[in-house]
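There are 2 protein chains.
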Amino acid sequence: MNQNEIKLYEARANIIKALAHPSRLFIVDMLNKQPRAVGELTEMIGADTSTVSKHLSVLKNAGIVEDEKKGTTVFYSLKTPCILNFISCIEDVIESNTKTQVEILSCCRTRAAK
Amino acid sequence: MNQNEIKLYEARANIIKALAHPSRLFIVDMLNKQPRAVGELTEMIGADTSTVSKHLSVLKNAGIVEDEKKGTTVFYSLKTPCILNFISCIEDVIESNTKTQVEILSCCRTRAAK
DNA sequence: TTCTTATATGGCAATTTAGCCAAATAAGAA
DNA sequence: TTCTTATTTGGCTAAATTGCCATATAAGAA
Numbered sequence: 044m045n046q047n048e049i050k051l052y053e054a055r056a057n058i059i060k061a062l063a064h065p066s067r068l069f070i071v072d073m074l075n076k077q078p079r080a081v082g083e084l085t086e087m088i089g090a091d092t093s094t095v096s097k098h099l100s101v102l103k104n105a106g107i108v109e110d111e112k113k114g115t116t117v118f119y120s121l122k123t124p125c126i127l128n129f130i131s132c133i134e135d136v137i138e139s140n141t142k143t144q145v146e147i148l149s150c151c152r153t154r155a156a157k
Numbered sequence: 044m045n046q047n048e049i050k051l052y053e054a055r056a057n058i059i060k061a062l063a064h065p066s067r068l069f070i071v072d073m074l075n076k077q078p079r080a081v082g083e084l085t086e087m088i089g090a091d092t093s094t095v096s097k098h099l100s101v102l103k104n105a106g107i108v109e110d111e112k113k114g115t116t117v118f119y120s121l122k123t124p125c126i127l128n129f130i131s132c133i134e135d136v137i138e139s140n141t142k143t144q145v146e147i148l149s150c151c152r153t154r155a156a157k
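So the sequences go chain by chain: A and B.
Here the first sequence stands for residues 44 to 157, where the numbers follow the numbering used here.
Here the second sequence stands for residues 44 to 157, where the numbers follow the numbering used here.
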């Protein structure tokens, strides 16, 4: 890897890191349906407001969501909808992993039954 | 989030975490072209063999790559090609972020020129 | 102005991750 | 068997991440 390649893969990794957390993936799913205020998301997630605010800030810094202030309320919305295709791919991986597990289990059950 | 939702988002996050590292993204790109031995990837990345081996193990545990031993050499290959669509989405995010930066810069230059 | 509501930020301890070295293992060659 | 090559694993320290609490800020209401 030369310097340019390193920069490229670091840039990609930074965005992916922003997605690599259960609460932040939940937020992406929610914002796909409609924009939401910090307070709404906080209630749905069930964590401290400051925690959710920081998660949103991580997503915002990565360019995945954007915010708009209305009065004292800040509404967040999804900036890059293609993120959702990506999640469907992750589901494919999970499905594939599940199949592998099933195969392993059926293998062992057969052996045990012998 | 109820317990099932938490499990779902944790499962997704675990797979995404496996991708959230420059070297591992590089590996995914390389394996998309062709299967590679640990030694080849190690040389391309320029890190310790043990480090690369551990990165490969992370990807394998996540179900993203699979391995096949031939003699003393272990060849890794991409198990879930859709991972690449996802990376193209990440590129979209990077492009969008770059555009935002350009807008910010052009805004400030205009101001400074006044 | 002060009060209240909504968010963001600072700070800290606990947990996780990364990468190197050294040592262990696997498989074939001599 | 011993030697060699390829890879993995254990162990360790350094760095990054997480989540809560307390505090600060922003904006409107009184």
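The hints are simulated quantities; they were obtained by calculation from the structure and are not laboratory data.
Don't take every hint at face value.
No copy is singled out in the list; a pair is fine if it fits within one copy or between any two copies.
Derived pair list, reagent style DSS-like, types lysine-lysine, alpha-carbon separation capped at 27 angstroms [claimed, not checked]:
no.: 1; residue 1: K60; residue 2: K113
no.: 2; residue 1: K112; residue 2: K50
no.: 3; residue 1: K50; residue 2: K113
no.: 4; residue 1: K60; residue 2: K76
no.: 5; residue 1: K142; residue 2: K112
no.: 6; residue 1: K112; residue 2: K97
Hint by hint, here is what the structure shows:
1. K60 with K113: neither (29 angstroms within a copy, 34 angstroms between copies)
2. K112 with K50: neither (33 angstroms within a copy, 32 angstroms between copies)
3. K50 with K113: So K50 and K113 fail the 27 angstroms test inside a copy (37 angstroms) and across (34 angstroms) alike.
4. K60 with K76: Answer is both; intra-copy 23 angstroms and inter-copy 24 angstroms each pass.
5. K142 with K112: Between copies only: 22 angstroms across, 45 angstroms inside.
6. K112 with K97: within (16 angstroms within a copy, 44 angstroms between copies)
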